[in-house]
Amino acid sequence: MGDEQSMAETASLLPLKPAWFHILLALADGAQHGYAIRSLVEERTEGRVKLWPATLYGSIRELSEEDLIEALEEAEDPDDDARRRYYRLTPRGSELLRAEADRLQALVDAARSSRALGRA
Amino acid sequence: MSASTPLTARVMLAAYRALARLLPGTFREMYLAVTLDDLRTLLEVEYGRRGRWGRALTGMRSLFDLAVRIPKEHWNERRNRRDRDHTLEVRGMRMGGWERMSNLMKDFRLAARGLARRPGFTAIAAVTLALGVGATVAIFTVVNSVLIQPLPYPESERIVNVNHHAPGLDLPDLQASPGTMRLYRESATVFAALGAFDDLERNLRVGDQLDRVEVVELTPSMFSVLRVQPRLGRAFTDDDAAEEATSVAILTDATWRGRFGSDPAILGRTVELDGVTTDIIGVMPAGFAFPDPGPVMLAPLYVDPEGAFGEFGMAALARLGPDVTLEAARQQVTDLQGRMTDVDPGITAGFLEQAGWSVSLTPMRDALVKDVRATLWIVLATVGFVLLIACANVANLFLVRAESRQKEIAIRAALGAGRRRLAASFLSESLLLGVLGGALGLLFAYIGVQALVAYGPSDLPRLYDVAIDGTVLAFAAVISVVAGLLFGSIPMMRYLGGAFAALLRDGARGSTEGRERHRARNVLVASQLALALVLLVGSGLMLKSFARLRALDLGFEPEGVLTMTLSLGEGVDRADAAQFYQGVVDEVRGLPGVTAAAATNSLPVRPTGMNGGSFRLEARPTEEGELPPIAMFRAMSKGYLETIGIPLLEGRPMTTSDQSGETPVVWVNETFARAYLDGDALGERLSFADDGDWGEIVGVVGDAREMELMDDIRPFAYLPMLVGEWERFTLSQMVIVVRTAGDPLTVLPAVRRIVREADSTVPLSNARTMEVIVSEAMASTSFTMTLLGIAAMVALLLGAIGLFGVISYVVSQRTREIGVRVALGARGEDVQRMIVRQSVGVLIGGVVLGLAGAFGLTRLMGAILYEVSATDPWTFAGAPVLLVLVSLLASWLPARRATKVDPVEALRAE
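Those protein sequences? They're chains A and B, same order as listed.
FYI, numbering that gives the first Met the number 0 numbers position 101 of the first sequence as 100, with every residue one higher than the one before it.
FYI, numbering that gives the first Met the number 0 numbers position 834 of the second sequence as 833, with every residue one higher than the one before it.
Hints were generated in silico from the structure; no laboratory data involved.
A hint or two may mislead.
Here are the computed lysine-lysine pairs in the DSS-like style, where the Cα-Cα straight-line distance is at most 27 Å [stated by the list, open to error]:
#, chain 1, residue 1, chain 2, residue 2
1, A, K16, A, K49
2, B, K105, B, K369
3, A, K49, B, K369
4, B, K369, A, K16
5, B, K71, B, K105
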């Protein structure tokens, strides 16, 4: 699969589904396991976005299929003794996250430069 | 953890687990455990934060979330499986037949959707194709029914027509005679059965109704030749065909139903045939037709078993014996010709050699259709060309479409779609379009066949048989599929061969398309123009042929002449008959508007039942062993030559006393005088009888086309109805010709009245003007000309459309460039010239190819051309001029549009 192909496919995934965006964002600073992702997201959005288990793991599955995140081998969570699977961004995933951030930024710029929001 | 899990939590988890069973198995395998873990933790945390109610709420919301998620997971599952299959296939793993089939269905469904999304493109392509397919299928229907399908008799390919030829006597087609029949009956072992037939008209009286009907007389052996038997009653026996037998007849099924109301007691009923009481002894099965559906009944044919060698004109058919090859039969009959002296001692080997004598056996169907075979194949080839042109147009449309889908193709290819899949998707669309065009074309063909049968030349053999059958449907299916594959493979070859990388570059910006892109389209358009030119040349030649025919000097004046047939029936006394006809003619002459009237026994240009025979010249007796001279002749009443418009060049016209027949007198045409009497015929004496009185030549008339329109003029003699003791004419029926000042048909009712008053039992039939008869004789040529002309026009139109489309597309692609040029100061005419120059190359190519093709192909038309060379220079010069004019017009329009390009818009547009 070449550069061009992935770029074409990447482009077709924008704009990102909200759940995806939040999960990718949560993994931006390092690998996390599922529950931690949920916590991070809830925290970051000040409680507005709650990723319930089915949606969370369904989205994690989708992101894995799309090669945007990948699972690390199971490691012990130092906080409890249950084995949890950790996930991290793939290069493609981080590229996509960046693309989405750019897109959102562009939207914000456009909004701010319009009369409705007053010139920035 | 689990030990201290409270009841509510456990209930929640149990409920969750139960609901989670609806998730797809794969998801459950991978994520269920961790999902439940998370949920447990969640419930705990919530309880810590917000207590019991918080926990309950969390549990509810989780359940709800799960419920909503379940269908999504199933959907994802299905999509993953499909992608997996795709990947597997791309990697070359073999698919089961079922998957291959479902891929095919997917392709076709996608193709259908693709076509439906662009209704304009689909409609144009389908209609163009349908025109080509429709025309081809319609003509093929005729070819199939007339040339290919066997005749409706068992093993009809084993029935042969027996024909004799004497080119040395200027008698190329003699058919058979009682003498030759006797020879084969006695000595030939290759025939299982041998029979003869005659197709003629008789007066039929059923009760009070009197009609002139078509009757086929045949020998009893014909039932064995054709291997047919009546459905009711019995066939003819040899007794029925004896000279003095009681008259019997067998009805066709249509007659029994129509005329006799399917009377169950039909056997034994009597009718009157030419005044003779006739018993109905049988009814033929439905669908029986011999020689075509025309005759209403069958009657026995008497053939004199001791009959003369020389009484030719008898149509004879034979069925080959079992295991006898056509070759063997031909060999045997040829050998038997040497035994002709057994039949008639006067027919020596020397005589036969002088006459260039030969016998031929032709399979019945071939004999029937030989005159039209060349025409039909030529017309089929012509519409085949039109189909090719239509395919070229559609191929061009596909090429344009493929170009606009470059990006999509490139991405699909890069994503791993194998060549085969891409090809499959191209081809599925074109195949679907082919089938669509084919189905629509079949509808056009059906309409076309109806028109052909209704308006086609009436003397096209087996025209009544023309119908769409299984063979035609199979042909239509095959050419639709082949056409679909053909124009689908052209863009496919263009785009799958090249490097994908080149196409992936953003092609919209930058310079205009490379020359390579154009080449395929240009070649297509050039081929279209070439094919159109071939058709133009072909139809031009036919047009010239027809013009030559029309300009033919008939030697008589058909305008303003009415003809009709009066029949007194067989066995009428000749003197009485002659008097009757003369009386009618005299009365008709007295009608207002009638300038001349006469009677004769057949008509020029339509020489059925023409008389001919050998004669003796008093001044030049025939030497021993020499062939006697032969001429055709007709009977006429006084005033015939004036009525029909044949000029009298020497001598005198016919008088009333000539009509009495006491002293035979003769008129001859110029060709006769030149051929036999060195141009000095007046006063010479000849006789058409073996013995008996001489007749004097009292007049020489101008040559007229007495035989087929396109035949050479032959020596011809004109005799009165009664000619001494020559007894040449039976006078059972005569044709009355009437020349009028105005429209000839206006006197018809008056003539009918005269005939009715003279004898109410005499039917008057076949009332037609001479002009109609002459144009019917040209009907076959004019019909072919019309068909080829239409085909050429359609081809020209399609070719022009093709050129127009290509140039338009080029203009739209080069809008930017044109804008730049105009901005830099180019004028309208400069732009126009630039565009038109584009098409000149294609045009030149097309003309050169077309002329070469025409030169090679038109020589195949030789058989149907009249007095026109297959390489006629005027036509070969004129057709390209027409093509160039039309093509320039077709490219002028988009060129004009190019001049209207606004440079600012062009430069800004993308």
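Taking the numbered hints from earlier one at a time, note which ones the structure violates and give those numbers from smallest to largest. 2, 3 and 4
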